[in-house]
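There are 2 protein chains.
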Amino acid sequence: MKRELPIEEANRLINHGPVVLVTSLYKDKTNIIPVAWITPVSISPMLIAVSIHRDSFSLDLIEKGEEYVVNIPTIELLDKVNFCGTHSGQRIDKFKETNFTPLKAHSVRPPLIAECIGHIECKVYDKQKFGDHKLFIGAVVSASVDEDKYDKYLKAFAKEAKTFHHLGGDYYITSGNLETTTLSVAG
Amino acid sequence: MKRELPIEEANRLINHGPVVLVTSLYKDKTNIIPVAWITPVSISPMLIAVSIHRDSFSLDLIEKGEEYVVNIPTIELLDKVNFCGTHSGQRIDKFKETNFTPLKAHSVRPPLIAECIGHIECKVYDKQKFGDHKLFIGAVVSASVDEDKYDKYLKAFAKEAKTFHHLGGDYYITSGNLETTTLSVAG
Numbered sequence: 459m460k461r462e463l464p465i466e467e468a469n470r471l472i473n474h475g476p477v478v479l480v481t482s483l484y485k486d487k488t489n490i491i492p493v494a495w496i497t498p499v500s501i502s503p504m505l506i507a508v509s510i511h512r513d514s515f516s517l518d519l520i521e522k523g524e525e526y527v528v529n530i531p532t533i534e535l536l537d538k539v540n541f542c543g544t545h546s547g548q549r550i551d552k553f554k555e556t557n558f559t560p561l562k563a564h565s566v567r568p569p570l571i572a573e574c575i576g577h578i579e580c581k582v583y584d585k586q587k588f589g590d591h592k593l594f595i596g597a598v599v600s601a602s603v604d605e606d607k608y609d610k611y612l613k614a615f616a617k618e619a620k621t622f623h624h625l626g627g628d629y630y631i632t633s634g635n636l637e638t639t640t641l642s643v644a645g
Numbered sequence: 459m460k461r462e463l464p465i466e467e468a469n470r471l472i473n474h475g476p477v478v479l480v481t482s483l484y485k486d487k488t489n490i491i492p493v494a495w496i497t498p499v500s501i502s503p504m505l506i507a508v509s510i511h512r513d514s515f516s517l518d519l520i521e522k523g524e525e526y527v528v529n530i531p532t533i534e535l536l537d538k539v540n541f542c543g544t545h546s547g548q549r550i551d552k553f554k555e556t557n558f559t560p561l562k563a564h565s566v567r568p569p570l571i572a573e574c575i576g577h578i579e580c581k582v583y584d585k586q587k588f589g590d591h592k593l594f595i596g597a598v599v600s601a602s603v604d605e606d607k608y609d610k611y612l613k614a615f616a617k618e619a620k621t622f623h624h625l626g627g628d629y630y631i632t633s634g635n636l637e638t639t640t641l642s643v644a645g
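Same order as they appear, the protein sequences are chains A and B.
Just so you know, the first sequence maps onto residues 459 to 645 in the numbering used here.
Just so you know, the second sequence maps onto residues 459 to 645 in the numbering used here.
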């Protein structure tokens, strides 16, 4: 079951640096791309930065649609994520090809991916070209999570909620063991 | 042994979203802060975005010094990272208090932290206030890595090179198992 997440907790889905699937939509075109280059940048307001390659079809959809959804996949979805990363949405419908299930978002037009465990709905707040990518700053307008994969924080240490993280090239790690400390990284 | 890394590989130290230690320096003041909100944003040129809280002492040092180093700690350093995240550098010398060893950087004034396994030296290329943080875009001018922790990619799956990743609050995960796929996340 999906449940809504308070917007001020949305960063907890991506603080730990997982690969995400970004969905976008403009007119009758929808797309899904894997993105490793993403980070929260502010809590109040809740803002999230996503870097998108300048040649990407999704860049065009996000520019024109001005909205996107950040979806958090688990390691079981690696093959489908792989497919999305190696095909262009300009020629195919990735929802159809991957059998991913589109879910209506709460506050934006691009769909959520039902099989993912977390979802952050964003409206473009700012954008800027940096080198070979464009950096989109998204204002979070809604967030949701699989109820059993979240308990104040994402249970990325649990077998059924393993996220994956891009080392580079064809190499990834999954999320590992839980550690706790009083460390504040806000300072 | 540290060895220099080609600048175009610098993103491979942080693609997977670890907590990093950012060192900064201005005049006679040096500081170290843990940062979870960091991502590469461009390969050519190699640019890295770091989000720093507006109340942080390091913000002041980076603004004035216009340089910083991103250091990659392993899980063995968690206590020291914790100390750096819970004390302000305005009142103490964190290198002295943690016994971290400062190493002269190749191309910037802030020191590397010898105990960390990777280092990315940055000059401020752009900066912008977003909400309660400031986002610094750093141009990478030099990068280095512990020779035995890197083999084309960071060996974050190996016991002796485990990075850690912030879920939120006091919760972290370590880096887990290696997975490989042909996925491209540039698309």
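Hint data in this document are derived by calculation from the structure and do not stem from the laboratory.
Careful: at least some of the hints might be erroneous.
For identical chains, the list gives no copy identity; a pair is met inside one copy or between any two copies.
To be verified - DSSO-like mimics (lysine-lysine), calculated; alpha carbons at most 27 Å apart, straight line:
no., residue 1, residue 2
1, K592, K552
2, K585, K522
3, K587, K562
4, K610, K487
Indices of hints not satisfied (ascending): 3, 4
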